[in-house]
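Asker: Now for the letters of each chain:
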Amino acid sequence: MIRVDIRAKSFGDTPVLGRVALEVAKGETVAIIGPSGIGKTTLLRIVAGLDDRFEGTVERPGRIAMVFQEPTLLPWRSVLQNLTLVHPGLTRRAARDMLARVGIGDKAHAFPGQLSLGQQRRLALARAFAGHSELLIMDEPFVSLDPATAETMLALTERLIAEERPATLFVTHSRAEAERLGTRILDLAGRPAILSPAQGQDI
Amino acid sequence: MLGRLAVPAISLSGLLLLWVIAAALTADPQILPQPFALVGPWLAETRSGALPHHLGQTLVRVIWAFCLAMSLGLILGLLMGRFERLNRWLDPWLVVFLNLPALVLIVLCYLWIGLNETAAIVAVTLNKVPNVTVTIREGARALSGDLDAMARVYRMSGWARLRHVLLPQLAPFVAAAARGGVAVIWKIILVVEFLGRSNGIGFKIHLYFQLFDVGMVLIYALSFIVVMLAVEWLILQPWERRARRWRTA
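Protein chains in written order, with the working numbering: chain A, 3 to 205; chain B, 657 to 905.
The following block holds chain A by itself, in its conformation from the complex (with noise of 0.2 Å):
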């Protein structure tokens, strides 16, 4: 379970982020749409522990798992390594399961760089997953993939997910991606931003 609870956040002189309130349960996915600039990254953000500099409270759980825009692996480690150096606790044979998991397990020896835009995202998400996290959170993971790679990435993730049970937090601007992944669906819009259950929705 996790709770938000952001009365305020800014950049300078400049208001990003109004009143944001939300509760995420476990198993539950809660996707936020809205449009490119609007400050969902900045939410994901704090959410995640890694900017502290607003007004209000985030309870989150110990294990936070994220899946950022970019793969963002260590490109002068292997694959297998990019899991096991993330976490500890991670045997190699677990490690190796994952990857074949997201359907790299030929790869577990290769480095980032020698992998495909997409694969790189799958090791993104094996990292994510093999954690057992109780908090993901996932920002726009799917932007900039061709429509095929980003049908089987969101089939993937939805395995996943209903595989693991944690309670995710979920970023995009596309609603069709918002629709498959969300049990909820709430929008961040307005200057300062504020959250808002997404128009249309049944309840």
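Hints in this document: simulated from the structure, not taken from any laboratory. Predicted, not measured: the structure shown is a model, and the values here were computed from it. Errors might be hidden in some of the hints.
[What the hints assert, rightly or not] Some chain B residues near chain A, calculated using beta-carbon distances under 8 Å:
{"no.": "1", "residue": "D802"}
{"no.": "2", "residue": "R808"}
{"no.": "3", "residue": "Y810"}
{"no.": "4", "residue": "P824"}
{"no.": "5", "residue": "W902"}
In this text, a Cβ means the ideal position worked out from N, Cα and C, and glycines have one as well.
Given the coordinates of chain A, work out where chain B should sit on it, guided by the hints.
Answerer: Here is chain B on its own, set in the frame of chain A:
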């Protein structure tokens, strides 16, 4: 295609050939002896143990100064690259030390600390720290914020972050600082030894300079150059190739 060893070998033979021609044209072994005329004295110095002894003394000083300068420069460079406020305060100091002539630092260290080993190594270290700091600071400024965020979200330990996130990003800068470092340090060490030590390559060069023995000056200088070439080819370059493996894979 020429191999990895062939090009440096041919290139160095060219330098040797140039020496032979120059010596033949000079036609005065007092000023420039032929390279093969140095082999006998070189063997004699090696057998008597004098050359290895002085070479070892200088090498120990190089290693000390190198390790001290690299660690201090790494810490300072990282701090100054990461914290802009600290950088604003320390940057003027850096400019002062960068522009302080090596000779001034050496003389002052000898005057203040005394004619001893500590003064020698402190003088060389102080000479080199600013250059290392400047290089590492550039690396620290180019560190990836995304990887830092990743390491924080996944709560990687401080050691794992340093070893697997930070240092690999700094590796090209550390390599550049180390390369330049070794070359500059051993040159300054010779000056330090020349001015105030009673052993080491610099001391021997001072001695043979006063005796006007060009041959022995060349023997001692070249022996140390060979050692430094070995360090470059056997330690620095293989390490750099290993660290760069992921780029070329």
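Asker: The structure should be examined with respect to each hint, and the outcome stated for every one.
Answerer: Hint-by-hint comparison with the structure:
no., hint, verdict
1, D802, "holds (5 Å)"
2, R808, "holds (6 Å)"
3, Y810, "holds (5 Å)"
4, P824, "holds (4 Å)"
5, W902, "holds (4 Å)"
Of the numbered hints listed earlier, not one is contradicted by the structure.
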